[in-house]
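Protein chains: 2
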Amino acid sequence: MTSPLKNVSIVLVDTRTPANIGAVARSMMNMGLSRLVLVRPRDPGGDEARRLAAGASQILDSAEIHSSLQEAVAREGLVFGTSRHPGRKRKNIRTPRDMAAQTLPFLSRNRAAVVFGNEVNGLEIEDLMLCHEIISIPSSEEFPSLNLAHAVMIVAYELFTASRVNGAAPDSELAPHRDLELFYGHLQETLQAIEFLGHDRPERIMFAIRQIFGRARLEARDLSILRGILTSILRKTR
Amino acid sequence: MTSPLKNVSIVLVDTRTPANIGAVARSMMNMGLSRLVLVRPRDPGGDEARRLAAGASQILDSAEIHSSLQEAVAREGLVFGTSRHPGRKRKNIRTPRDMAAQTLPFLSRNRAAVVFGNEVNGLEIEDLMLCHEIISIPSSEEFPSLNLAHAVMIVAYELFTASRVNGAAPDSELAPHRDLELFYGHLQETLQAIEFLGHDRPERIMFAIRQIFGRARLEARDLSILRGILTSILRKTR
Numbered sequence: 001m002t003s004p005l006k007n008v009s010i011v012l013v014d015t016r017t018p019a020n021i022g023a024v025a026r027s028m029m030n031m032g033l034s035r036l037v038l039v040r041p042r043d044p045g046g047d048e049a050r051r052l053a054a055g056a057s058q059i060l061d062s063a064e065i066h067s068s069l070q071e072a073v074a075r076e077g078l079v080f081g082t083s084r085h086p087g088r089k090r091k092n093i094r095t096p097r098d099m100a101a102q103t104l105p106f107l108s109r110n111r112a113a114v115v116f117g118n119e120v121n122g123l124e125i126e127d128l129m130l131c132h133e134i135i136s137i138p139s140s141e142e143f144p145s146l147n148l149a150h151a152v153m154i155v156a157y158e159l160f161t162a163s164r165v166n167g168a169a170p171d172s173e174l175a176p177h178r179d180l181e182l183f184y185g186h187l188q189e190t191l192q193a194i195e196f197l198g199h200d201r202p203e204r205i206m207f208a209i210r211q212i213f214g215r216a217r218l219e220a221r222d223l224s225i226l227r228g229i230l231t232s233i234l235r236k237t238r
Numbered sequence: 239m240t241s242p243l244k245n246v247s248i249v250l251v252d253t254r255t256p257a258n259i260g261a262v263a264r265s266m267m268n269m270g271l272s273r274l275v276l277v278r279p280r281d282p283g284g285d286e287a288r289r290l291a292a293g294a295s296q297i298l299d300s301a302e303i304h305s306s307l308q309e310a311v312a313r314e315g316l317v318f319g320t321s322r323h324p325g326r327k328r329k330n331i332r333t334p335r336d337m338a339a340q341t342l343p344f345l346s347r348n349r350a351a352v353v354f355g356n357e358v359n360g361l362e363i364e365d366l367m368l369c370h371e372i373i374s375i376p377s378s379e380e381f382p383s384l385n386l387a388h389a390v391m392i393v394a395y396e397l398f399t400a401s402r403v404n405g406a407a408p409d410s411e412l413a414p415h416r417d418l419e420l421f422y423g424h425l426q427e428t429l430q431a432i433e434f435l436g437h438d439r440p441e442r443i444m445f446a447i448r449q450i451f452g453r454a455r456l457e458a459r460d461l462s463i464l465r466g467i468l469t470s471i472l473r474k475t476r
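Residue numbers (this note's numbering), protein chains in the order written: chain H, 1 to 238; chain U, 239 to 476.
If we strip away everything but chain H, and leave its shape as in the complex, we get (with noise of 0.2 Å):
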């Protein structure tokens, strides 16, 4: 039996230290993760990547790359945003532990993806807007930075740890990540078109919106039901 972890990737965005993609390279094989997928990438095969690597080059050899991070996540189910500063108003943000609880029954049948923002900024608010749930480590308010690498292993060390506990069953077939960009797509014309959002800047609510869709955990069937409800609508307003 392959391990379910085999469907978890690790997404670093705009990584600038090297070594910092090694010693994520390292975590992620002490924890029985293999796929690294690197959008745009500094010297990714560098030295110093390799000498943190330390036995797990491999996975730097056969880590993806792409320069964004929309085609990054294009056919993965699940895509957990990873956020340093949840911040007060900001609700539903999981904690790694509850995210690798909740997914590890999906990595039977689906793929998953967890992402990370570059060492100093994290994740952009369009890089965010992308992902189903947004995730943060509990960490002290005094000083909440973490390594990047430390945040990898810490999330990696989450799966890990579920994926022992789990035998989990096979459960649905979750939606690939670009049917749900072309749902979000539909529907932003909808609510433009019934004059709930604006034509200028529409993406607060639609990262509010994205958010409640996001945790639904939609599968295709589900998109069709939806994008035929705003067929309806598009057809009524005309």
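Rather than coming from a laboratory, the hints here were simulated on the basis of the structure.
Among these hints, one or two may not hold up.
As the list claims (entries may be wrong) - Under 7 Å between C-beta atoms, here's a sample of chain H residues computed to sit facing chain U:
(1) 27
(2) 29
(3) 30
(4) 138
(5) 154
(6) 207
(7) 208
(8) 216
(9) 229
(10) 232
(11) 237
Stated by the list, open to error - Every beta carbon over 10 Å from chain U, so not counted as near; a handful from chain H, in silico:
(12) 16
(13) 23
(14) 32
(15) 35
(16) 40
(17) 55
(18) 67
(19) 68
(20) 71
(21) 109
(22) 111
(23) 139
(24) 189
(25) 236
Claimed, not checked - Covered stretches of chain H, as calculated for chain U (at least 3 residues, CB under 8 Å):
(26) 99-108
(27) 141-152
(28) 195-206
(29) 217-225
Remember, it's a predicted structure, so these values are computed and weren't measured experimentally.
Where a beta carbon is used, it is the ideal one built from N, C-alpha and C, also for glycine.
For this one, chain H is given, so just place chain U on it according to the hints.
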């Protein structure tokens, strides 16, 4: 109230790489730990350690330095040794999660230390002898050797997480059931107005739609966005 975590020491024995000491300091401070104890360290206050400590160099500055582990743990109440290679024969080896859960209640009146060996060999048997219990971080059998700072991070993270469980704040506040039912009523009315749903037998589709939103763990704020959308649709179609 002072945090029980103030009574936890992280003890590093024979650490060879100053960068690791710095990275350990950072991970400790991220997780609310402050007491670092070094046994025969190499250059703990040097540039490399400081660079990796990022904003946590105060932990390096206040680190205790000892020439033997026995001296270093003399005043501790509970002493845990970490082992990378638990082996099949050793029994009673605990996980960091289990250690954290069982240690927290002691910390209001006792001190506890977690001891880590050097980067290559871990703790020697003479050092493990000084420990009350041995803990081992779960990891892949194929590649079990963790970076020292990553190992400390996992232990610190488990202690921090355990410290929050007792007084943990509620996370999100879900919308009460009656508000959800009002939303579904509003939604059904809207779906009939746009002729997505007929007036007889809407139950089957409504059931599928309820399942979608049911998984989304809706809060009051989410409901107000969704009902705002429904209101806009009805205004447009009447």
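Now the hints, each set against the structure:
1. Nearest Cβ of chain U to the Cβ of residue 27/H: about 6 Å, under the 7 Å cut. The hint holds.
2. Because the closest C-beta pair between residue 29/H and chain U is about 4 Å apart, less than 7 Å, the hint holds.
3. With a cut of 7 Å, the hint placing residue 30/H at the interface with chain U holds, because the nearest CB-to-CB distance is about 5 Å.
4. At about 6 Å, the closest approach between the beta carbon of residue 138/H and any beta carbon in chain U falls short of 7 Å, and the interface hint on this residue holds.
5. With its C-beta approaching chain U no nearer than about 6 Å, residue 154/H sits inside the 7 Å limit, and its interface hint holds.
6. The interface hint given for residue 207/H is broken, as the beta carbon of that residue sits about 11 Å from the closest beta carbon of chain U, more than 7 Å.
7. For residue 208/H, the interface hint holds, since its Cβ comes within 7 Å of a Cβ in chain U; the closest pair sits about 6 Å apart.
8. The interface hint given for residue 216/H holds, since its Cβ lies 4 Å from the closest Cβ of chain U, which is under the 7 Å cut-off.
9. Hint status for residue 229/H relative to chain U: holds, with the closest Cβ pair at about 5 Å, below 7 Å.
10. Taking 7 Å as the C-beta contact cut-off toward chain U, the hint placing residue 232/H at the interface holds, the least distance being around 4 Å.
11. With its C-beta approaching chain U no nearer than about 5 Å, residue 237/H sits inside the 7 Å limit, and its interface hint holds.
12. For residue 16/H, the non-interface assignment is confirmed: its Cβ lies about 14 Å from the closest Cβ of chain U, beyond the 10 Å cut-off.
13. Here residue 23/H does not stay apart from chain U, with its beta-carbon only about 7 Å from theirs, under the 10 Å limit.
14. The Cβ of residue 32/H sits about 4 Å from the closest Cβ of chain U, inside the 10 Å cut-off, so the non-interface label is violated.
15. Annotated as non-interface, residue 35/H keeps its C-beta farther than 10 Å from every C-beta of chain U; the closest such distance is 14 Å.
16. Even its closest Cβ contact with chain U, about 23 Å, leaves residue 40/H beyond 10 Å, as expected for a residue assigned away from the interface.
17. Interface exclusion of residue 55/H from chain U breaks down, the closest Cβ pair being 6 Å apart, not more than 10 Å.
18. With a cut of 10 Å on Cβ distances, residue 67/H stays outside the contact zone with chain U, its closest approach being about 29 Å.
19. Residue-level check passed: residue 68/H sits 27 Å from the nearest beta carbon of chain U, beyond 10 Å.
20. Taking the minimum C-beta to C-beta distance to chain U, about 27 Å, the non-interface status of residue 71/H holds against the 10 Å cut.
21. With a closest Cβ-Cβ approach of about 17 Å to chain U, residue 109/H is found to remain outside the 10 Å limit, as its non-interface label requires.
22. Listed as a non-interface residue, residue 111/H keeps its Cβ farther than 10 Å from every Cβ of chain U; the least gap is roughly 19 Å.
23. Non-interface status of residue 139/H relative to chain U is broken: a Cβ of that chain comes within 10 Å, the nearest being about 5 Å off.
24. The non-interface label for residue 189/H is consistent with chain U: the shortest C-beta to C-beta separation is roughly 13 Å, beyond 10 Å.
25. Non-interface call for residue 236/H relative to chain U: violated, since the shortest CB-CB distance, roughly 5 Å, does not exceed 10 Å.
26. Given as covered by chain U, the region 99-108 of chain H fails the check, having 0 residues with a CB less than 8 Å from a CB of that chain where 3 are the minimum.
27. Judged by the Cβ-Cβ criterion of 8 Å, the region 141-152 of chain H is covered by chain U as claimed, because 8 of its residues qualify and three suffice.
28. Given as covered by chain U, the region 195-206 of chain H passes the check, having 3 residues with a CB less than 8 Å from a CB of that chain where 3 are the minimum.
29. Counting residues of the region 217-225 of chain H whose beta carbon lies closer than 8 Å to any beta carbon of chain U gives 5, which meets the minimum of three for the stated coverage.
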